[in-house]
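Trainee: Sequence:
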Amino acid sequence: MAGLRWSRECEVVVCEPGTEFAFLTHVRSLPSTLWHYLLAPGDAGGTQVIEQYTVSPASASPRWAEALQGIPAARRRTRAATRAGMIQTLQRIKTAAEAGLTPPAMTPPSSSLETKKDSPEVPSH
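Remember, the working numbering sits 3 above the position in the sequence shown when you count from 1.
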């Protein structure tokens with residue numbers, strides 16, 4: 004999957020500073036993947052960050068992506084690429100946090116987004 008690029012519309016569904024952040028990606032206005040970050044006190048005063056993702060059963064993933072999942076070697080490459088991307092994301096979060104960077108102020112999610120978080124299409128962890 005190296006070299007492939009795509010974009011997604013994203014919707015923040017949980018924003019609890021210091022504890023939890025989650026966003027839902029959309030493809031053609033349909034839910035695709037829920038990305039979820041949990042934060043907890045770590046060793047030596049640090050922060051443990053757990054990154055999880057859940058692909059929606061209603062996902063609008065392209066047919067080629069679904070076809071690749073049926074090929075064991077492609078499935079292994081996809082999982083390896085996803086894991087590498089997750090490691091890269093967590094490293095970038097660590098670098099930004101250690102540099103003292105702070106995110107811009109955010110507006111809390113509206114009640115409609117909070118309801119969407121608990122919808123059966125995209126289970127939260």
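Hint data in this document are derived by calculation from the structure and do not stem from the laboratory.
For glycine and all other residues, C-beta sits at the position ideal for the given N, C-alpha and C.
Incorrect hints may appear among the rest.
If you anchor each label on the Cβ, the simulated ranges turn out as follows [as the list claims (entries may be wrong)]:
#, residue 1, residue 2, range
1, R8, A47, 15 to 23 Å
2, K97, C13, 17 to 25 Å
3, R31, T98, 14 to 22 Å
The calculated lysine to aspartate or glutamate pairs, modelled on EDC-like cross-linking and capped at a C-alpha distance of 20 Å, are [claimed, not checked]:
#, residue 1, residue 2
4, K97, E19
5, K97, E54
6, K97, E23
7, K97, D46
Trainee: Taking the hints in turn, state whether each one holds.
Mentor: Now the hints, each set against the structure:
no.: 1; hint: R8 - A47: 15 to 23 Å; in the structure: violated (37 Å)
no.: 2; hint: K97 - C13: 17 to 25 Å; in the structure: holds (21 Å)
no.: 3; hint: R31 - T98: 14 to 22 Å; in the structure: violated (33 Å)
no.: 4; hint: K97 - E19; in the structure: holds (18 Å)
no.: 5; hint: K97 - E54; in the structure: holds (13 Å)
no.: 6; hint: K97 - E23; in the structure: holds (15 Å)
no.: 7; hint: K97 - D46; in the structure: holds (14 Å)
In summary, the structure is inconsistent with hints 1 and 3 from the numbered list given earlier, while agreeing with the others.
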